[in-house]
Amino acid sequence: MLAFIVRRLLIALPILLAVLVLTFLLTRLMPGNPFSSERDIPKPILAAIEAKYNLDGTLPEQCASYIGGVLQGDLGLSTQYRNRTVNEILAQTVPVSMTLGVIAFLVALTGGVILGSLAAVNHNQPADRLAMLAALFGISIPNFVVGPLLVLAFALLIPIFPPSGWGTPAQIILPAICLAIPFIASIARLTRTSMLETLGADYVRTARAKGLAERTVIFKHALKVAILPVVSYCGPLAAAILTGGIVVEQIFAIPGMGPFFVNSVLNKDVFMIGGIVLVYSSLLIFFNLLVDVTYFLLDRRVKLA
Amino acid sequence: MPATATSPTKRNAAARLLAHPVWRQPVFLGSLLILLAIVLLAIFGPMISPYSYSQISENQFAPPSWAHWAGTDELGRDVFTRMLLGARISLLVGLTGAVVSLTIGVTLGMLAGYLGGWVDSLLMRLVDLLYSLPRLIFVIVIMAGVNAGLDSWAESISDSLAWLMEPDEVVSYARILLLFVCLGAVEWMTMARIVRGQVLVLREQPFIQASRALGQSNRRILVRHLLPNLAGVIIVYLTLTIPVIILEESFLSYLGLGVQPPLASWGSLVHDGARYLNPIKIYWWLLVYPAAMMSITLLALNFLGDSLRDAFDPKQRPRN
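For the protein sequence lines, the chains are L and V, in the order given. Under the numbering used here, the letters of the first sequence match residues 1417 to 1721, in that order. Under the numbering used here, the letters of the second sequence match residues 156 to 475, in that order.
Everything labelled a hint here was simulated from the structure, so no lab data went into it. C-beta: ideal position from N, C-alpha, C; glycine also. Check before you lean on any hint, since a few could be wrong.
Coverage of chain L stretches by chain V, computed from C-beta distances (three or more under 8 Å per stretch; other residues unrestricted) [stated by the list, open to error]:
1. 1549 to 1557
2. 1564 to 1570
3. 1653 to 1665
Just some of the chain V residues that point at chain L, by a computed CB distance under 8 Å [claimed, not checked]:
4. PHE199
5. MET202
6. TYR206
7. ALA299
8. LEU332
9. ALA368
10. GLN371
11. PHE406
12. VAL425
13. ALA446
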């Protein structure tokens, strides 16, 4: 298994570099440059600024100097927030986004698995129908609709939660729920299907036959196997929560990476874009590795390739 | 499962399709009717409406009334008319994006499943990789990258299109077209996986073995024998991809990276509505109406896709 982890990490490195180079080239090939968005700057000054940011010379030269810097842990200077390094901005925003993401992830996972198991146990009964109807609503209604509606309902009409901001635990609740809702729904559907399949298996019948309590049968025996598809869904789930977070941070005015990313794209802030894409991609690659290892630990029949 | 039976004869296919029990499901019929109504509204609504989507008036922030069914926005534009335009653009993005994703997904899925070997493992590795990367982030970067170049290109061709639309509109539509393609290009993986799985089963069937024994070319087997048998699955996942793409488009428009004003999509309308959410004065109609129209459409599409999947996808048939 150690060999597997090392190999995956070694493969991840070239992938990340390729993603970074592509992002850099694409951003640099955009017409215009990061410094001339509002008014024209005299040529010599522009040249001086470009030299300061290492954006002079040919494109391959620029790219090489950027990648060289990144390999030494220097993500460059933000062109939009003058005099702040990308490292600095990321150090402030990544923990915020991570906190929100992790909480939403846990809420989605527990909520979805519980809802899905309950639906499967009550198969074709009103509780099941209701849960699946709710799940379909959850999948269909985008979180930028749910978000403002939650604010309208629980912050403006019935003021129990603060409408926006970051810092206190109460301010995390609405955004985390808003971010988690669609994923609670899809995990519930996934769990239900796989739980139904598992409940028909022979070993579940054996467990029942030897007189175990229904609760033990379902949550100790069946769920262990039924949860496997959910585990493999965790990778795409993390990706979706990361992108979903951009919007949720915007809605609730949370100082995470999302708003910075949108602004940096609009302002062609090349180093900022590169830095954030790097963070997103490496988080996801690392997380997928984690998912594969977890899957292996849960189901030893799987071969780690 | 009469409609997707693997027999190669297709006699009375249409008749059998119409006799399928799925037509007797109220959920299926209901969502079909709702979608039909929304599509008709999207096509004819903007023509019938007395207002234009970009017509500014002094009647700002008017609440819903007989004159303005969904009120007016901060520039005094009729929100209902803008919702109809939004329906046009969102549905078009969804449909075109889904067709793009279907073309890529079905082609690659069939190749992977039929050829097997290194082609299969290469393509499936690619699918795994793309699943695990933040694809929408790439779409955002690509959109921003191509957008600026698009402006100059659109200006150069706007003369030849002057009889049809304003130069600004050419740019806007070119941008939307790009959006279709980008979104379709990142959403083909599910389709590829499903199609590959089906092909793996189908290619061992006697009628495929027979065609191979008769010496038919691979291309002919793929197009004439495999593709028709995949039609059911393809239609089901096409229905399920449309809401995904509509969601993604509105996500980008919500962030201000997709459809640009004065054009509107549901995402940009909800964004406009959410911007005016404050404790002092609540302009609820700016948010609630577009959000409701969008959610109803997505719900109907998902309901439709689910009941089609239950009816036609042999793998996902519900257990009783």
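Hint by hint, here is what the structure shows:
1. 1549 to 1557: holds (count 5)
2. 1564 to 1570: holds (count 4)
3. 1653 to 1665: n = 5 at 8 Å, threshold three: holds.
4. PHE199: Violated: closest Cβ of chain L sits about 25 Å from PHE199/V, beyond 8 Å.
5. MET202: violated, 28 Å
6. TYR206: Violated - the Cβ of TYR206/V stays beyond 8 Å from chain L, reaching only about 24 Å at its closest.
7. ALA299: holds, 5 Å
8. LEU332: Interface hint status for LEU332/V: violated (19 Å vs cutoff 8 Å).
9. ALA368: violated, 34 Å
10. GLN371: Violated, about 35 Å.
11. PHE406: holds, 6 Å
12. VAL425: holds, 6 Å
13. ALA446: holds, 4 Å
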